[in-house]
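For this one, chain R is given, so just place chain W on it according to the hints.
Protein chains in written order, with my numbering: chain R, 1 to 438; chain W, 1 to 438.
Hints in this document: simulated from the structure, not taken from any laboratory. Take the hints with a grain of salt, since some may be wrong.
Unchecked claim - SDA-like mimics (lysine to any residue), calculated; alpha carbons at most 25 Å apart, straight line:
#	chain 1	residue 1	chain 2	residue 2
1	W	287	R	379
2	W	209	R	59
3	W	287	R	294
4	W	209	R	243
5	R	209	W	210
6	R	209	W	39
7	R	209	W	55
8	R	287	W	297
9	W	68	W	83
10	R	209	W	125
11	W	209	R	262
12	R	70	R	94
13	W	287	W	435
14	R	287	W	434
15	W	209	R	126
16	R	287	W	358
17	W	68	W	46
18	W	209	R	30
19	R	287	W	433
20	W	209	W	164
21	W	287	R	424
Protein chains: 2
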Amino acid sequence: LQQHREDELRTLLDELHPADLAELLEELEDEQRAAVVQLMSGPTAAEAIAELELEEQAAIVTALPPEKAKAILDEMSADDAADLFAELEPEDAGSLLQLMTQEDATDVRELMTFPEDTAGGIMTTEFVAIGAQRTAADAIDELRRAAPSAETAYYVYVVDEQGRLVGVLSLRELIVAQPDAEIRSIMRTNVVSVHVNDDQEEVARTVQKYNLLAVPVVDDQDVLRGIVTVDDVIDVLEEEATEDIFRAGGVSDAEQQLDLEGPIWPAIRARLPWLLGLLFLSLVSGKVIEGFTPLMDRVTALAIFITTMAGGAGNAATQALTVVVRGLATGEMERDQVGRVVWREARIGIVIGAICGLVLGVTAMVWNHSPWIGLIVGLSIAINLMLAKAAGSLVPVIIQRLGLDPAVASGPFIATITDTTSMLVYFSIAALILGAVL
Amino acid sequence: LQQHREDELRTLLDELHPADLAELLEELEDEQRAAVVQLMSGPTAAEAIAELELEEQAAIVTALPPEKAKAILDEMSADDAADLFAELEPEDAGSLLQLMTQEDATDVRELMTFPEDTAGGIMTTEFVAIGAQRTAADAIDELRRAAPSAETAYYVYVVDEQGRLVGVLSLRELIVAQPDAEIRSIMRTNVVSVHVNDDQEEVARTVQKYNLLAVPVVDDQDVLRGIVTVDDVIDVLEEEATEDIFRAGGVSDAEQQLDLEGPIWPAIRARLPWLLGLLFLSLVSGKVIEGFTPLMDRVTALAIFITTMAGGAGNAATQALTVVVRGLATGEMERDQVGRVVWREARIGIVIGAICGLVLGVTAMVWNHSPWIGLIVGLSIAINLMLAKAAGSLVPVIIQRLGLDPAVASGPFIATITDTTSMLVYFSIAALILGAVL
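Isolated chain R (complex conformation):
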């Protein structure tokens, strides 16, 4: 009976989609996982495991008996295997590499030499290449023989004797072509390609721009080394979006890799320096306030609007920053447009500042029964929001000009900076107006 149910389970597992199996594996305890993976066929297990987090992949593969681990690794694509090996302890990686066929192991070792956020780091070496003197029928035969996985089968790349990329043919073009047509005569020669050392975000933007299903990766000699498929590009874009969102929220990239249910210490290490740094930076605005304590001794009501002043400037700056940083990240905003964009934000700031200043000024006047407080608050809000919009758009541009990623200018950072300027503006205006009145 037990055996019978195991067979049933085996059939069921092989019918499920690897992505669903991966979700199932995530829900299971460690021992159950190994047992379930044992029941899967090699190809199914390889695909399902490749969908998991690298940490979980490593845990499963090291827990399996060597022959099952070998069966799975043999079926895994070289890029997935390379990522997994990079996660393993060196001794585990060494013994598992020994299990693999010589050819696969060489591929994996080669892929592991590329930094993980480059084209080389995310490419796979599974691709179909053919010489330009062959025919369309030859290419289809080659595809049949190689029987590559779904994502890698869409293009056939054309290479010369040195392995240099000279053309490309899509499967569709191959099917439509006459079987005896020479590849040279039907291939496209203006091939969009990327370099092994290109940043993964650049690779993703190329695939996105040209609507490709895969992009060939070449080295300095133009030799075809691998391809990056669109499913990996989607993951890269998602990863980069998360990175930008985290940075905008003042969270270190490091936390992106964290297990939300894992220990809290890595999260604390990632966030504490930021928070402490910003707290100390905020003491500068405290220093400004301190300089005006004699004035506040006389008019305590000034303290009431400190948070409104600092908060409003911070929010206005964050809005401008968000629009500019995202525009730069997606490439929607070109380098030669930044001047116009900053000028645009400055004009938006003037209008928004004038309106908010008027509304808040009247509110403060009514609240405090004092036209002078109203004037101080209104004028300060107006000037602070203008400055905040200009600063919010200018800071990321300056950071980019310095050769850094504009995304490091986060909302919390810019808000802490504008705290100081807003206090300086607010109390200076208060001193001027109250000095004339009192």
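Quick look at chain W alone, frame taken from chain R:
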């Protein structure tokens, strides 16, 4: 000579990639654009124009002579044409639809009935479908006849007599199969599909999860109505990421559609309500400060740490919020995990609060030569950061439970909320400690 150079330009234009042509068109003035488009062949122009912003597409198509517009529209895929028509003035759309073939016009009209952010709104009706009783060779012939565009050719869908989706075959599987094999015997029957009314983000997540190159879209009767291709999925994911980033920065979705060089009024209308609302919300923290003015009259030094207190809490809350909102958006954080995640953030808050409280407390003590100010600042920072972490993680969860998108909880919003709690905590502690001392 003029004619000769025009021919040269024509050849050059047809050699460029449509995506590059689109970039070229973006750089040109309106009259030049129409002239350049006139020189392109119909298919090239259709692909290049489809890459532009909808507003620019509409401007070009309406400026062209009818016969050229017809040539381009005939070559455009139905989903691109439907998007373009939705952008046109009704009378322009009507006269252009008349130019198209009956069949194409029907497709476009049908596609225009679906909301633009659903599967129906982003799908194309260009797909290859075949009956289950046909053979692999038939399917390949069908592909040859249809000669679909690159993105839509990768899968052949299998339908029954009522047009209901019953299976799928990839081009790779077709090539590997015996030519006389019956489709029924080689097709995959567990087809991943989406419904015409599914939200575009859900569609994108499905394609991403199952690593698909296209996903079939079915209606209530399971009838195959179209497919969504992976290049459109990438654009959807990018659009959704921008939306989340904008919301996190307190910028309305509306601004996403804006031309960065266009008029400033739409941007002002999109941002002003947010900013003004937050300014009024911040008056609540001003009200708290007002309640403690008698205390500040005696100890003006308390005002020095208002921005540090409010800013620190805002930053700590924004960090927690960012991690939780992104986790919920990417589906990395499941609904049943939120309790654990909030508890995790609370613990992080306790540790970070204790450390920052200690450091800032000592700093304040040294700065003001007063152990009491040091105690007040240290204790308040500690409690405020703890509360901020808990609030930052709890607020998006509550918003999601209310059935809203957690991304509406932006950094500026949460920072304005924590302004009030931080003032309440700070001055209450000050009143308690100074009441005992003074």
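Now the hints, each set against the structure:
1. W:287 / R:379: holds (20 Å)
2. W:209 / R:59: holds (22 Å)
3. W:287 / R:294: Within the cut-off at roughly 22 Å; holds.
4. W:209 / R:243: holds (20 Å)
5. R:209 / W:210: Holds, at roughly 22 Å.
6. R:209 / W:39: holds (23 Å)
7. R:209 / W:55: Holds, at roughly 19 Å.
8. R:287 / W:297: It holds: about 19 Å lies between the C-alpha atoms, which stays within 25 Å.
9. W:68 / W:83: holds (19 Å)
10. R:209 / W:125: Holds, at roughly 22 Å.
11. W:209 / R:262: holds (24 Å)
12. R:70 / R:94: holds (13 Å)
13. W:287 / W:435: Since the Cα atoms of residue 287 (chain W) and residue 435 (chain W) sit roughly 21 Å apart, the hinted pair holds (cutoff 25 Å).
14. R:287 / W:434: holds (22 Å)
15. W:209 / R:126: holds (21 Å)
16. R:287 / W:358: Between residue 287 (chain R) and residue 358 (chain W) the Cα gap is close to 20 Å, so the pair holds against 25 Å.
17. W:68 / W:46: holds (11 Å)
18. W:209 / R:30: holds (23 Å)
19. R:287 / W:433: holds (23 Å)
20. W:209 / W:164: holds (24 Å)
21. W:287 / R:424: holds (22 Å)
Violation of the numbered hints given earlier is absent; every hint is satisfied by the structure.
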